[in-house]
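**Student:** One line per chain: the protein sequences are A, B, C and D, in this order.
Just so we're aligned, residue 51 is where the first sequence starts under our numbering, counting upward by one.
Just so we're aligned, residue 51 is where the second sequence starts under our numbering, counting upward by one.
Just so we're aligned, residue 51 is where the third sequence starts under our numbering, counting upward by one.
Just so we're aligned, residue 51 is where the fourth sequence starts under our numbering, counting upward by one.
If you are wondering where the hints come from, they were derived from the structure by calculation, not from laboratory data.
Errors might be hidden in some of the hints.
Which copy is meant is left open, so a pair is good if it fits within one copy or across any two.
No farther apart than 20 Å at their CA atoms in a straight line, the calculated lysine to any residue pairs in the SDA-like style are these [to be verified]:
#1 Lys374 - Ala145
#2 Lys148 - Ala223
#3 Lys357 - Arg82
#4 Lys374 - Glu115
#5 Lys370 - Gly321
Protein chains: 4
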Amino acid sequence: MPNTFGHLFRITTFGESHGGAVGVVLDGCPPRLELAEADIQRDLDRRRPGQSQLTTQRQEEDTVEILSGTFEGRTLGTPIVMLVRNKDARPGDYAEMKDRFRPSHADFTYQSKYGIRNWQGGGRASARETIGRVAGGAVARKLLREACGLEVVAYVKQVQDLMAVIDPGAVEAASVEANAVRCPDAAAAAAMFERIDQARRDGDSLGGVVEAVARNVPVGLGDPVFDKLEADLAKGLMSLPASKGFEIGSGFGGVLLRGSEHNDPMTLEAGRVRSRSNRSGGVQGGISNGEPIVLRVAFKPTATIAKEQDSVDESGRAVKLAAKGRHDPCVLPRAVPVVEAMILLVLADHWLRHRAQCGA
Amino acid sequence: MPNTFGHLFRITTFGESHGGAVGVVLDGCPPRLELAEADIQRDLDRRRPGQSQLTTQRQEEDTVEILSGTFEGRTLGTPIVMLVRNKDARPGDYAEMKDRFRPSHADFTYQSKYGIRNWQGGGRASARETIGRVAGGAVARKLLREACGLEVVAYVKQVQDLMAVIDPGAVEAASVEANAVRCPDAAAAAAMFERIDQARRDGDSLGGVVEAVARNVPVGLGDPVFDKLEADLAKGLMSLPASKGFEIGSGFGGVLLRGSEHNDPMTLEAGRVRSRSNRSGGVQGGISNGEPIVLRVAFKPTATIAKEQDSVDESGRAVKLAAKGRHDPCVLPRAVPVVEAMILLVLADHWLRHRAQCGA
Amino acid sequence: MPNTFGHLFRITTFGESHGGAVGVVLDGCPPRLELAEADIQRDLDRRRPGQSQLTTQRQEEDTVEILSGTFEGRTLGTPIVMLVRNKDARPGDYAEMKDRFRPSHADFTYQSKYGIRNWQGGGRASARETIGRVAGGAVARKLLREACGLEVVAYVKQVQDLMAVIDPGAVEAASVEANAVRCPDAAAAAAMFERIDQARRDGDSLGGVVEAVARNVPVGLGDPVFDKLEADLAKGLMSLPASKGFEIGSGFGGVLLRGSEHNDPMTLEAGRVRSRSNRSGGVQGGISNGEPIVLRVAFKPTATIAKEQDSVDESGRAVKLAAKGRHDPCVLPRAVPVVEAMILLVLADHWLRHRAQCGA
Amino acid sequence: MPNTFGHLFRITTFGESHGGAVGVVLDGCPPRLELAEADIQRDLDRRRPGQSQLTTQRQEEDTVEILSGTFEGRTLGTPIVMLVRNKDARPGDYAEMKDRFRPSHADFTYQSKYGIRNWQGGGRASARETIGRVAGGAVARKLLREACGLEVVAYVKQVQDLMAVIDPGAVEAASVEANAVRCPDAAAAAAMFERIDQARRDGDSLGGVVEAVARNVPVGLGDPVFDKLEADLAKGLMSLPASKGFEIGSGFGGVLLRGSEHNDPMTLEAGRVRSRSNRSGGVQGGISNGEPIVLRVAFKPTATIAKEQDSVDESGRAVKLAAKGRHDPCVLPRAVPVVEAMILLVLADHWLRHRAQCGA
């Protein structure tokens, strides 16, 4: 359903960017997991605006409150509600958008679908909605780390045509956080920083690619036929604002190879079945094979820009529109923790699903 | 759930490639739609193996039988079951695979997950499973054509590095069917045919890209937040065997542009809000905006090849493996109707969902 | 899923009785419905404890806050979150229950299932959880009243062996609210009041039956096979704390009749198909037939009583237990608005489902 | 969704009584369970018409075929399709019902909802639909017996005012099958037989109550809040054709007691927490407590009778109607295996759900 993701480990997010609050209900989490606000806040702080000059300057503390589902620092097995109050709401910045549609944004489609919209900042289409995803993902992270040492690391792989060189098998979370771009290739990060900052000064925006890896994934997660692991990952990541593409393993580049070149040769390593290459990206037949899951998400340049654009208004007149105040020149650095969250949510869900059917 | 796709217009597929039958239960179809076996058979015949030398030579008529859900040629509003008996089952061809895992195939992961597998032809991981999808998609096609003149056309856009030039706004279904490759660019099709046939002779396989367009899509289909139209399309298409990537509109290429270049300028055309370009690919904020939906799916080269490969067997010994008998050098021509089916299923589902919530 | 009810008009409740808050996420509500806190508060006030000497004396204002999903007084089509903070939490009253299980309560089963429980007041098993149901039901009430003039009225029909005489076809909401028992038969209400008050003085509790009627239900709501209207109503009402039985129309009494006596003769009335009797209770084959839906729910006497009882504690010793402080001698008067809410939620859901599949 | 029941152990039934076939897709069954047609046929034979003079004389062998989901006699973890072809279709018997609505049957409501119906025998509203339930329940029975020795026994407790005396804690399946009424109290069974046979001769029908017990149910099955075990049981049983009431444990009779009389005193027995009485019926707070689950379902007398009744036809004229040919004087004996199936399906589903969330 529209605002719910997952089947057994399941989140429902709620809240408009300029309503009272945004948040999430997480249902299905196993009981007795140690959980405190600090576990959540860590990831929320990575998603928060205003971390550097590269992001929107909206000032929000985004302090999370756990309203239910825990007792004496542990989960109860009941719904965990995590809430963040909206504070820095400046609807005035959006007055111009009250009856004008931002090109390539959700303004026109929401208005057409519902006959009403919260024009103050995008409503549900705002990146603020992802707070609930990150909060839910933080719980999944803790659960899977304890259950099987699983870890997920995402990072900026590409900004426009600037490509970083990163080994998904070895990249560390700390190196991602080492710079404002969240690109662990320091040289590429510096060039990306410059490029984004220039776009910011131009009132324009840039797109790029976030890559992510999940390591220590147990063999056997994912369900044929429709709930293949890559299908659920694709859904989760293509549900992110501004995403336009998804690939796993060899992806679009893999089509250039012949089968004999593309197949991952199987081998035995310390008594365990492994593959010598990983063009499969950690999934075969929709089920994890124990190799690292490697995927990439393409994000278009943000639609809301300060440059003037051609648009129409609600009464059907051609108008000009330029965003005032806050404007995010590149969504990628802040998208990194959200990408991680979606992957973690998918894996936690399938971990429970596998346990249900196969008792593992 | 694993074998179910869709929420209101919903299919559940069943059947192994070498069990008694494969098929689908379609639940939620509106009543009083005219429907006969011939409506289904047309698309099944496009998916059937043995159509040309490019595909696997398994000989199956794949004749569909409607077991329930219709009465006097019209749908009842009850579950429609469509069944295809398995006929050309030659389990002997698979004897070698009984305890050997095909590299990059589902053999190892199924065995690891379930502790059992139908090794005769891939079981649920077989392309035969897509028969149920195509049957369900054929009903969706009929429903949406009558409801709003909606049409979906898919075609082979790329084989290895061979790229076709096709205008998604104008391409006709008939031109797709004009050659065995299902590529409406005749010159490219001829080159692709040669390339695939060479791979066949080499006992090898090729991958590529299928592109698809949906036209006359009503404004307003798709649900924020998780069930964005592109998210559900991505899930549906990434659930296809051998798919490794998905993109919509500008996709991965769109990351090269700045926001001011990427945004689709809005304009009025005959009183209707349109966009002058379509980098959005027909969706904005997860909701259709009335422009054609354009998407692409990357398929890796098929894993099952006649060339000898390194593998392991169930007891953990290194072995060599080469497929006998049937072998599909390129899955793309037969994937075309399956891609169309998945898109139609997603759109039919969201058409009903929109009607439920917004009464449209 | 555990904390979610409904398919298209769908609530997820959350919150423990002694956590930070209780509340509900309502997803799927059509857009542009006028909605304010006052619409919700009205029904919450009927559910609130402390209304008369018959109910638990816990003092809670239960003031609802709408956190999301509305804009300028109308619904947006996005999730509506309604929150009530817990205030009168006196965990001290529950100290004795920390390691002692109340007989016939959820203490032992929660502890066995989860290995942890919030022992302060019952956690999710508390009647406080029903706040979210009532809030969601209030929105359903408004939606259905505007859509088709539908109304639902529940009332206390029986307390122990005291039976009221009430005509479900004519009973008015105002007469239900006319006394503290919520029984519109004034004479019976007076006797029930005495009986309940005596139980209160004895530190004991009473059970009974709530009857409800839904009028102006459109023909055609309900889905064969598993989602028959009576099946969904049964599920909703049997999910209420302390409910032990459900019946619709003739119910258990109907088994005494022969088919020729039980069948409702069909007739035409002002051009409309009606039935001359209503032993069907408004549903036939799981689908509403336009007659009033009449049902009854049996509630056992509340488990928590002030009288001393035999129990065991967590370490497995036989102990005695008597509830301190608050104790609810009869749950029925406060169950009345909750029963109405569940019926309204089921009907709103099926109203949307019918619109989706049949376009009505 | 309409034709699907269960969440993890999940059936989708399909088929009209006079279409090509009826059957079921069972999804979510754990792999490696031994399963053959004989396991299913046993319960189907108990449901089959024509077993005695008490049931409808329709002659159907109802031979089940497993189409998918097993391999070499064990389940694969993939969807199990079980199919029964319709054979004894005599649509002529229904010619009169083509445009006449049977009173208290689904004819009018189906026609109103869908604008079309299969008038040959009731379509989906036919008791034939329950074949799929029984087939699914037979798999659940096998799974739960092996997993935890769980067993479910149902029997006819009451026909009209004739009540049997049966101890749910001790009743054996064999004694249920000892007579045509499926009432293990032989004296009551004889009286019931006479009563039903008289109704048959009168062209009339009788209702009654089926009671059921589940023993060896593990502690901890059932989910707060909406998916309480009794709520899911109520939904499953109230979805059966002709059911009008459901109760668990003390049920409607329990409202006569005070809390101090109704509460089940807790005690320790061989180191295990038990209750000295079982008015809870095996569930507390929606979760199984390890005591036998005891429930009852009220079935109204069948609507289709040979006696002439007042009705209307599709064009809105008052008509008389009397069923020809087959007519079932009492649905109870054949409802017994269906009641067992629904209970088993609910328990299997919650057994998997519990394993998912709590790892038990």
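**Student:** Against the structure, test the hints numbered earlier, and report the numbers of the ones violated in rising order.
**Tutor:** 2, 3, 4
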